[in-house]
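Guided by the hints, dock chain R onto chain U, whose structure is given.
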Amino acid sequence: EPEVTQTPSHQVTQMGQEVILRCVPISNHLYFYWYRQILGQKVEFLVSFYNNEISEKSEIFDDQFSVERPDGSNFTLKIRSTKLEDSAMYFCASTVGRGTTEAFFGQGTRLTVV
Amino acid sequence: QKEVEQDPGPLSVPEGAIVSLNCTYSNSAFQYFMWYRQYSRKGPELLMYTYSSGNKEDGRFTAQVDKSSKYISLFIRDSQPSDSATYLCAMRGSGGSNYKLTFGKGTLLTVNP
Numbered sequence: 004e005p006e007v008t009q010t011p012s013h014q015v016t017q018m019g020q021e022v023i024l025r026c027v028p029i030s031n032h033l034y035f036y037w038y039r040q041i042l043g044q045k046v047e048f049l050v051s052f053y054n055n056e057i058s059e060k061s062e063i064f065d066d067q068f069s070v071e072r073p074d075g076s077n078f079t080l081k082i083r084s085t086k087l088e089d090s091a092m093y094f095c096a097s098t099v100g101r102g103t104t105e106a107f108f109g110q111g112t113r114l115t116v117v
Numbered sequence: 435q436k437e438v439e440q441d442p443g444p445l446s447v448p449e450g451a452i453v454s455l456n457c458t459y460s461n462s463a464f465q466y467f468m469w470y471r472q473y474s475r476k477g478p479e480l481l482m483y484t485y486s487s488g489n490k491e492d493g494r495f496t497a498q499v500d501k502s503s504k505y506i507s508l509f510i511r512d513s514q515p516s517d518s519a520t521y522l523c524a525m526r527g528s529g530g531s532n533y534k535l536t537f538g539k540g541t542l543l544t545v546n547p
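So the protein lines, in turn, are chains U and R.
FYI, the numbering for the first sequence is 4 to 117, going by the working numbering.
FYI, the numbering for the second sequence is 435 to 547, going by the working numbering.
This is chain U alone, in the form it adopts within the complex (with noise of 0.2 Å):
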C-alpha cells in the first residue's frame, strides 16, 4: 500500500540550527502539506505547496519556515533558526487534487530543540 515517508523519524537540534525535514508523498499525488503538532495539542496546518509554489499557509509558517520540492519525489521542510517552541511532531502529507479529500500522513517527525 502506497504511502507517506518522512525521514528523520526523531531529530534533536540546538537552539538556533537550521533543520531539513524530509517527506517522500505519495507518487501519484500533486498536493503536498506539513502540519505539526506540539505535545498535547492539535495538529495545525502550517502550509500547502502545488505545482512547485506555496498554496496557502497559516500564520505559524513565517520567514523562518521554508518548503521546497528538490527533486521529483521529494518535498522538505526547513526551520532556518530553530527555537525552543518549535519543538513539536511535524507531519507531511499528500492528496491526488484539489477536489480530493482523503489526504494520507507519513508518520512524522520528532523535533526535539535544545
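None of these hints come from the bench; they were simulated from the model.
The structure displayed is predicted, hence computed values, not measured ones.
Ideal Cβ placement from N, Cα and C applies to all residues, glycine included.
There may be inaccurate statements among the hints.
Which bits of chain R does chain U cover? Going by a derived footprint, with three or more residues having C-beta under 8 Å, they are [said to hold, decoys possible]:
no. : segment
1   : 477 to 485
2   : 534 to 547
Cut-off 16 Å, straight-line C-alpha distance, at most; resulting in silico cross-link-like pairs (EDC-like, lysine to aspartate or glutamate) [unchecked claim]:
no. : chain 1 : residue 1 : chain 2 : residue 2
3   : U       : 81        : U       : 65
4   : R       : 539       : U       : 47
5   : U       : 45        : R       : 437
6   : U       : 86        : U       : 21
7   : U       : 45        : R       : 479
Chain R alone, transformed into the frame defined by chain U:
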C-alpha cells in the same frame, strides 16, 4: 469560540461496547468532514470522510454529519481493544485555496478486554 471543539476524554469502554465520539464546529464554510485515528507518536490515519450532511457506514464505523447543528459524530460498534487510540475529527471547506484541514484536539479512547 474555537473553530473545532472535541471532548478530549479520556474515554474508557469495555470490549464490545458502542462508542460515540463527537465534534462541534463554528465555521459554516466547512463542507468536508473526516475522522482520523492516531496511535501514540504516529501519524493520523484516515478512517472516514463525509461530504456535507448525512451518514456514511464502513464496517463497524459510522460517521454522521449534521450541518444544521454544526455537529459531527463517529460511532464504533462492537469496539475492540485494537480500536484504542486517539480519534481526531478534521474538516475543511471547498473551493479556492481552502484545502487545509482544521483538527479537533482528539479524544483518547481505551477499549478494555
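Check your understanding: Are there hints from earlier that the structure breaks, and if so, what are their numbers?
Key -> none
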